[in-house]
Amino acid sequence: MLGQLLVFFGFFSLILVLIYWINRAVRLFDRLIADGQSAWVFLELTSLSLPSLIRIVLPLSAFVAAVYVTNRMSSDSELTVVQATGYSPFRLARPVIVFGVIVAVLMSILTNILVPLSTERLITRQAEIAQTMTARLLTPGEFLTPTDDVTFYIRELPPGGEMLDIFISESTSPTQRTTYTASRAYLVRTENGPQLVMVDGLTQTLNLETSRLLTTRFEDFVYNVSALMNDDPVRKTSVNGLSTMALLRPSAETIADTNQTGDQLKLRGHDRIAQAALGFVAGLVGFSALVVGGFSRFGLWRNIIFAVGLVILLKLLEGTGTSIATTNAALWPFVYLAGIGGVVISAMLLHIATRPYFFKRRPKPYVRGAIT
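Per our numbering, the sequence shown starts with residue -11, numbered consecutively.
Everything labelled a hint here was simulated from the structure, so no lab data went into it.
There could be a bad hint or two in this list.
Below 20 Å or equal to it, Euclidean Cα-Cα: the simulated SDA-like pairs (lysine to any residue) are [said to hold, decoys possible]:
no. : residue 1 : residue 2
1   : Lys254    : Thr242
2   : Lys254    : Asn228
3   : Lys254    : Glu158
What follows is a list of derived Cβ distance ranges for each label pair [what the hints assert, rightly or not]:
no. : residue 1 : residue 2 : range
4   : Ile293    : Phe(-1)   : 20 to 26 Å
5   : Glu66     : Thr249    : 52 to 58 Å
6   : Ser35     : Val176    : 36 to 42 Å
7   : Thr315    : Trp289    : 38 to 44 Å
Backbone N, C-alpha and C fix where the C-beta goes; we use that ideal spot for every residue, glycine too.
Build the full structure now, drawing on both the sequences and the hints.
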């Protein structure tokens, strides 16, 4: 049974990860290709997002695998035969518990090691790509289109930082088109973002409705290029990129860098542990919900619906516990509400399964000689 659980767990995990990954990769591919990035950058960013996707998928895969294997063994009367030899539902749950421990270990590795590392690396790569896009805007001798409405050109970029022969064409308005030309320009960093100071130039504004051209010469003109250039400072790390130990024992420097309180950081650390606990509970709940129904020649579709309802209940408990803990970070134990609730529900269902007539009418005992 444990072998079947692991095989189908791997199969369902692969299918669900591919579905989630393709859905996210399509949007990322369109954005990166539009920005002129290579396919290698696309593969790198999508691979860095995989640990987060797998973390979301594993509990669901564990539940589906447990339900599928249990339903299959029940339909083949394997569970009925084993129970007839004296195995109790708690004894039958041992391979499911071992399976849950394996899933919980995998979830712990993901949430505490792989996801923080991949998140930190992803943020760093996104910042590097943004800086690359900024550098591409300052490429001499090429007509660049950082947006659909703006065309940018620099003839020469000497080592001193001065730009020679600038051309900017923008069509942000549907009724007019504006062209800026200048002999020299300088890129200036200000509080409002990067500004392009053009010297000795000409502005040409064409009214598309009247076909009239308005020209204005200027000695110096400031053009806002902050919308074309990403000038945000590179963050060293994020809260999601911190290690679990750094979250559970936040230092004063970490609190200052993340702009969060110590209780909020501890809450995030405990939330990672609680997610690993859900990986253990998911399969156990699915198995318990099907075992409690016993054998039925009509199948266990009612128990499968019941199991899905229990998963929805666990998600509600998870959301409630997270909401309570978020409102008051000192109440961080509530993030374990779904995990504890799943264990309690599974234990109750297995206990009921040991008593087949718990919810049924007990048969009347046969009395010899009784008149019926």
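Outcome of the hint check:
Distance restraint check for Lys254 and Thr242: the Cα-Cα separation of roughly 12 Å lies within the 20 Å cut-off, and the hinted pair is therefore satisfied. A distance of roughly 12 Å separates the Cα atoms of Lys254 and Asn228; the hinted pair therefore holds under the 20 Å criterion. The straight-line distance between the Cα atoms of Lys254 and Glu158 is roughly 49 Å, outside the 20 Å bound, and the hint therefore fails. Take Ile293 and Phe(-1): their Cβ atoms lie about 23 Å apart, and the range 20 to 26 Å holds.
Roughly 53 Å separates the CB atoms of Glu66 and Thr249, a value that falls within the hinted 52 to 58 Å. At roughly 39 Å, the beta carbons of Ser35 and Val176 sit within the given window of 36 to 42 Å. Here the CB-CB span from Thr315 to Trp289 is close to 39 Å, well matched to the stated 38 to 44 Å.
Checked against the numbered hints above, the structure violates only hint 3.
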